[in-house]
Amino acid sequence: MKIQYILELVGTAFFAISGALVANEKSAKDWFGVTFIAFITAIGGGSMRDILLGSYPLVWIKDINIMYSIMAGVVVASIFYGYLLKFRKTMFLFDTLGVAMFTIIGTEKAIAFGVNPLIAAIMGMFSAVMGGVIRDVLTNETPILFRKELYASISFAGALFYLGLEYIGAIRNVSFILSILFILAVRVVAVKYKLTFPHFRRFT
Amino acid sequence: MKIQYILELVGTAFFAISGALVANEKSAKDWFGVTFIAFITAIGGGSMRDILLGSYPLVWIKDINIMYSIMAGVVVASIFYGYLLKFRKTMFLFDTLGVAMFTIIGTEKAIAFGVNPLIAAIMGMFSAVMGGVIRDVLTNETPILFRKELYASISFAGALFYLGLEYIGAIRNVSFILSILFILAVRVVAVKYKLTFPHFRRFT
Amino acid sequence: MKIQYILELVGTAFFAISGALVANEKSAKDWFGVTFIAFITAIGGGSMRDILLGSYPLVWIKDINIMYSIMAGVVVASIFYGYLLKFRKTMFLFDTLGVAMFTIIGTEKAIAFGVNPLIAAIMGMFSAVMGGVIRDVLTNETPILFRKELYASISFAGALFYLGLEYIGAIRNVSFILSILFILAVRVVAVKYKLTFPHFRRFT
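Residue numbers (our numbering), protein chains in the order written: chain C, 1 to 204; chain D, 1 to 204; chain X, 1 to 204.
This is chain C alone, in the form it adopts within the complex:
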C-alpha cells in the first residue's frame, strides 16, 4: 500500500507538470494561471470520479500531500522547462505512466464501491483523462478526447484488461503491474504506428 501511495503522489506530480507545460503554451502565462491549470489537470479526473461515486471526502481535500505534489510538479516544470520541452518523448512516457496509474487506481476504487465492472472501467478512464478534458475546456482547446490519437480508449482498454486479470483470479499486485505495462505498450505502439479507431458509420 505504501508503494501505491507514493506512486499516486508521483502520478499527481506528473500530471501537474504536463498541465503546467500545456497551460504555458496556451492562455495562462503567469505563475498563478499556470499553477491553477496544473492543479485542475492533476485533481480533475479523480475529483470527478469521487463526485460521481459519492465518495467523500475527496482525496486532495483529505490529504494535503496531494497539494504538495502539485506544487512540486509546477516548480519542476519551471526549473526544467527547456529540458522538458526538448525531450518530449520523456514527457510522453511520464504522461502515459500517469494515465496508466490513475486508470488502475480509479478502477480499483470504483470496484470497492461495488459497481458493475463496465462502470468501474469508465470510472478508471474518467480518473485518468477528465483532468485533461477540464483543462482543455478551460483553455479553449479541442478536448484531448477527440484528437486523432488513441488516448482515452487505451485507458479504457487498460481498465478492462485489469478487470479481466482480476476476474481470472490473478494476484492484485501482478494485475496492477501487468495492466500498467499493457497501457504503456499499447500507447507506444499506437503512437508509433499512428493507429486510429475505425471511423463511425461503418455499417451504412
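Mixed in with the good hints there might be a few duds.
It does not matter which identical chain is meant; a pair holds if it fits inside one copy or across any two.
[To be verified] No farther apart than 25 Å at their CA atoms in a straight line, the calculated lysine to aspartate or glutamate pairs in the DMTMM-like style are these:
| hint | residue 1 | residue 2 |
| --- | --- | --- |
| 1 | Lys-62 | Asp-30 |
| 2 | Lys-109 | Asp-95 |
| 3 | Lys-62 | Glu-8 |
| 4 | Lys-194 | Asp-30 |
| 5 | Lys-62 | Glu-141 |
Simulated from the structure, these hints should not be mistaken for laboratory data. Computed from a predicted model, the values in this text were never measured in an experiment.
Chain C is already provided as a structure; the job is to place chains D and X on it using the hints.
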C-alpha cells in the same frame, strides 16, 4: 412504474442517438469518441440533477440497463445513419419526446426530495437539457441553450405545467401524459412559427 | 449572523447583475438565456464549493431567497441597463464586493468542515470565481481566470489574509471586514496600476 422505467430507458436511447449523430457531424468521428459523446449526452443531465440534489448512487451507476440503452442507441444510430439524417423531422420528434420525459421525471424526483417547486422545475429542466449542454461544451459548439429556438425554456414551462397540475390535485399519470403532450405541442408550434423569447433589455 | 445573511443575498444579486450584463453582450440575448446565465454566475461558485466539500443540501436548493435575489438582480439589470453600462466603475466596485464577500464566506464554510487552511483558501477562491468561469465556458469566452488582470489571485490572497487574521486570534467580525477591505484595496490598486503576476518560466 414499469411503463415509466421502460420510457426512461427509451428516452436514454433517444438521447444517445441524437448525441451520436451530433458528435459524428463534429469533432468526434471514430467509434470511441462518438460513443463517449452519446454517453455524456444521455447521462449528463440526470447526473447533474442527482449531484446537485445529493441523490446517490447516480441512476446509471446503480442500474447497468442505462448503459445497455446507450449502447443500443449508438448501434441504432450507426445502422440507420443515413435514414436518421434524412428524416430529421422524425429525429426532432424523438428528441423532443426525450426532453419531455426527462423533464417530468426530473421534476418528480426533485419534488420527492422536498425542494421548493421553482427549484424542482429547474431540476427538471437541467435533467433534460444539461446533457446536451455538456456535449456542446466538449465539442466546442455554442450551447444549445443559447441558440435562437426555444428549447430549455419549453422544458422549464413543461415542468411548471406539471407542477400546476399536481397542485390542483390531478391524478399523477394524467399529469404526466398531459405535460408530455404540452411540451411536444409547444415545441412543434414554436419551431413551426419560429417563436422566440422577447429580447432582453425591453425596459430600457 | 443576520447581517452576513443579508450581505450574502446582496452579493448574490450583484453576481446576477454582472452575469446578466455579460450574457447580454454575448451569446444569450433573450430574457430566458440572460436569466439562465445570471443564475449560473450567481450560484456556480458556491455550488462547486459545496459539491467538492460534500456539503448538502446546496445553499440555493435549501433557501429559496437566493432565487429571489437572482431574479431581483436580473430585473435591476434590465431596468438600469444603460446606467449600469455607463458607470462601469460602479459595477466594478459591486463585482469586487461580491468577490470579496463570497471569498470570505466560502473560506469560513470550508474551515468549518475541518479542512487544511490551504484547501480552505482554494474553496474561498472557488466560491468567488467559479460562477464566472462556468459562465465564460458556456458563452465561449476566455475564462476570466486567464485574462491579464489579477482576479482569482486577489481572491486567493484575500482568503489567506483572512486565515492569517484568524490564526493570530483576531475577532471574527474584524477579520471579516478587514479581509473585505483588503480585497477591495488590492484590486483597485492592481487595476489602477495594471499589476500583473510574474510570467511563468522565470527560472529558465
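Against the structure, the hints come out as follows:
1. Within a single copy, Lys-62 and Asp-30 get their C-alpha atoms no closer than 28 Å, and across copies no closer than 39 Å, so neither meets the 25 Å cut-off.
2. In this homomeric assembly, Lys-109 and Asp-95 come within 25 Å of each other (Cα to Cα) only inside a single copy, at 21 Å, whereas the closest approach across copies is 35 Å.
3. With identical chains, the CA atoms of Lys-62 and Glu-8 are at most 25 Å apart within one copy only, with a shortest distance of 14 Å there and 28 Å across copies.
4. Taking identical chains as interchangeable, the C-alpha atoms of Lys-194 and Asp-30 lie at most 25 Å apart only when they sit on different chains, with a minimum of 14 Å there against 35 Å within one chain.
5. For the homomeric pair Lys-62 and Glu-141, neither the shortest alpha-carbon distance inside one copy (31 Å) nor that between copies (33 Å) is at most 25 Å.
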